[in-house]
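A.B. asks: Each chain, letter by letter, is given below.
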Amino acid sequence: MHPATHPTASAPDGRTYRTPLLRRRLLRGLLAAVVALPLVGAAAACGDDAASDGKTKISIFWWGGEARAQLTEQALDLYTQENPDVVFEKTWQANQGYFDKLATLTAGGSPPDIFQIDDNYLTEYAARNTTLDLTPYQQSGDLDTSKFPESLWQYGVVDGKLAGLAAGENTQGLVYNKTLVTKNGLPEPTTGMSWEEHIAWAEQVSKKTGVPGTMDASAVDKAFWVWLRQQGKDLYSGNDLGFTVEDVTRWFELWKDARERGATPTPDVIHEGNATDITKQLVVTGKAATSWVWVNQMPELKKNTSDELGVIAYPGDPSGQWARAAMYWSVFRGSKNADIAVDVINFLANDPDAVKLLGTDRGLPSNLDLRRVVSDDTTDEAMKQSIAVETELAESFGESPQVPIKGHSKVRAELTKAAENAQYGRATPAEAAAQFVEACKAAIAS
Amino acid sequence: MALTTAPDPTRRGTGSVRPDANRRGTGRIRHGEGLAGYVFLSPWLIGLMGITAIPMLLSLYLSFTNYDILTPFSEVEWVGLANYERMFTSDPSWWHSVRVTLSFALIAVPLKLAAALGVALLLNRAWRGVGLFRGLFYLPSLLGGSVALAIVWVNMFNRDGAFNSFLALFGIQGKPWVNDPDWALETLMVLAIWQFGAPMVIFLAGLKQVPTELYEAAAVDGAGKFRQFVNVTLPMLSPVIFFNLVLETINGFQGFTAAFVLSNGTGGPVDSTLMYTLNLYITGFTDLEMGYASAMAWVFLIAIAIITVVFFSTGRFWVHYSDGEDR
Amino acid sequence: MVAGTVAPPVATRPQRPRSRSWLRLIVLLAIVAVVLYPLFWMIGTSVKSQEEIVNNIGLLPRNFTPGNYTDGWTNFDVSFARFFLNSAMVSLLTVVGNAVSCLLAAYAFARLKFRLRGLWFAVMIGTLLLPGHVLIVPQYILFRTLGLVGGEWPYLPLLIPQFLATEAFFVFLMVQFMRGIPRELDEAARIDGANAFGIFRHVILPLSRPALVTTAIFSFIWTWNDFFRQLVFLSDLSDYTVPVALTLFIDSTSQSAVGPMFAMAVLSLLPVFGFFVAFQRMLVEGINTSGLKG
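Residue numbers (the numbering used here), protein chains in the order written: chain P, 1 to 446; chain U, 447 to 773; chain F, 774 to 1067.
A few of these clues could be false.
Dumping the calculated DMTMM-like pairs for lysine to aspartate or glutamate here, alpha-carbon to alpha-carbon at most 20 Å [what the hints assert, rightly or not]:
| id | chain 1 | residue 1 | chain 2 | residue 2 |
| --- | --- | --- | --- | --- |
| 1 | P | K384 | P | E395 |
| 2 | P | K55 | F | E925 |
| 3 | P | K90 | F | D1012 |
| 4 | P | K256 | U | D733 |
| 5 | P | K303 | F | E824 |
| 6 | P | K57 | P | D85 |
These are calculated hints, taken from the structure and not from any lab test.
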């Protein structure tokens, strides 16, 4: 292809097209390119999948930021130090496009040996037999979950198979702007306040400070889920929804009341906060005094504001919350080196040095012994705070629910749509709820 | 479509530039030219057969299946017309996305073309610094659909954004445009029009191709600037106007990037920016219903093909080709 | 090449004194100011701190933070320079591929008669119409079957299609331009004994400059900005291109480096802007067809 590159490479000055010599060269280059292309293709085909000097290559794919990439690469290097025969093909990117790429790779029959996944997609992949069942490894002890909280590893079980190993634990956290609240002489919210108390508190904050007291949580699926569990319901039950139109109506009405009382921002601002991006959370953009997040997001949230932040459980009985796997490591079922891949994820979860390296980047370490060590060692204040809060909450955690079923990401999108319809006043809570439930049923049926 | 695009040997050209002598041989394939045609066409043909056609036909096949990306091809189930049936009978969000797309394309495309042509005419003549101006007007299009663009646009058209500050100068109370379901689509249109660089460049290039002697001849005949524009520029530019019209219409209907970027890939608020292709993307990749998404894509193809055929068949009444053929 | 032979067209063209040129300038400047305001804002944001980006939506930063540029440049294990080089290489090769292969196809469609021409033309337009997202997965599978994915040089799946005129947009564009070239020029060349190849070289190629320049500009810019295909086919950090690398700054679920991202986004505009300004100069006035007739 090289001859063809020449004319354009020298073209920007605008001269080349005028000389007949170069035109001829352009033509010749083009012919060369056309002839050479199939050859190049064939050559590339040979290079595919070549094993390098007897070492086992494990491909691994995750999403995250630069910090996560650094830590993960260091941890994997540790593994290679201990197992010089294993080398890694590491691919990472931000969450934008991650699942698109993972799905495409899977379609091509070549997903990575190990991939990071979350509870939105775990069932989708597990139900299609993309993930390796880790249960035999767990039983043989090759995959050690004995130090994990029971409910945490169970949150990776889909249809009786262990489809993913919790790479870290997190739980819902209500973050509030401590500076704003204390500066105005208002009480700080506490874990255990009821939803009504929370809204009343938020109303007070709005009146006193002019900053809306709470982000409207009606479109926040994790808040809805906790609330459902507190009502003795659940998001899913078996392959069906675990709630009724009436439940959703009550949830939407709760927030309609909050909006009318001025406890929340206006719908357009709520819409901004409905994006899950950390940088758009209203508590850091200063557009509300609280935001509904995950506890382990505290350190990153703090980087986006100069105010001091506090974090507590979501309102209501904290036993509505559970030890959620922030994300999982899964192994591709068709992996040629499945045993090694499992050993790697075991290493990432249970090796003291690796876990210390990884810290709380993917959530609190799943291994409880090592979690304590990390907590004692860390110097990051925000990380210390989120570990302390979650450790405290862990005492009141309820049982973990079943992993969300197929169609979950659609259900989440539909919740946002229905809740926003109510927020913008385009539907009553009852109408929005009916619309939501109908859409959910269609989503999980297909 | 073949009918309308095939050259019609029985029609006579209306070109004024061309003497009739060169009609010679246009009716029949000249000796050796057929072969030459295929030689020149061969890279494209190889690409079509080897690269373009297979995925297209695969997607057509998949549109009759329940393909979900993760399941191997060998295990997908044939569902017949179920996907198409679902689209037309039981998918309100599909209809909704059709409406959103139509209103977007009908408004944004003409305005974008007008802006592009207007600025291209302003920047056509050579004067010191014209290149810089062309570049500056092209700059917005360079941003494409980057993450940065999303942040920029939201901050321009938010409640406390720059646009509202500007309105406030005139005492007008603005709205949270991007976050208002009644206005989010309009914000998207502004974004599309703002990125008018591509058709502008094509217009500029087209203007460059107008033979200067035609203007000279028109000037000799005493035609003023406006008459020159109507009698020379417009007809000579018509193939390019036609091209821009066809392609921008296709682009407008396909308009994915802006909607994806501005709504964070959701089509929100409350589906107000759920463009057809965005809906298709969400269906295929987020909801993993690629079979259904493929069906959507093929319905889209047919609809756009009809529009294109209409363009091509009206084109023969107003598009002037200097080569003397009418298509 | 000596500088004298390439005097820029702008300078050599006599400036026609126009009474209303100042008016045009003011109009243009006003439009430019409006059109470019979002870009000024972008530049302003590229020198804000993370906390300010989230909280200060004004044009100017309160604390000037030029460090975003150095941070962004060195943010990853691989320097951003590498991403620029990768993008430049992919984009330039795409320019070559599109210019050459589409020109050939366009010539066939615009000027030559051959069997099934109308059908092929319709098929060509048809390939423009299918939304690309349903093609990604089949395309990936196809390239994988052909053994082109994950080879030593991962850009093949991105480039091979460009050398086979799969971008129908450019084919159609060039067809439209070529059809604006008077046919008597072909006839004149034919009388001089030129065959189809000769006409292509001596008539069509020289007169296709506006179309070629346009194709070059768009090929370059669109490839420079293309995200999805590059994301799917590139898997190693050191192979990443600028658009893929830009998204690495923002993982909305965890870490976001918005300032460095803006800084690099601003920088990434410079090569495309430069490419555009350089190439648009080749859109020179006045194809004087009479000069070519003899």
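A.B. asks: Against this structure, judge whether each hint is valid.
C.D. replies: Quick rundown of the hints versus the structure:
1. P:K384 to P:E395: holds, 17 Å
2. P:K55 to F:E925: holds, 18 Å
3. P:K90 to F:D1012: holds, 12 Å
4. P:K256 to U:D733: Violated: K256 (chain P) and D733 (chain U) sit about 29 Å apart, past 20 Å.
5. P:K303 to F:E824: Distance ~7 Å between K303 (chain P) and E824 (chain F) Cα, so the pair holds.
6. P:K57 to P:D85: holds, 9 Å
The structure fails to meet hint 4 from the earlier list, while all remaining hints are met.
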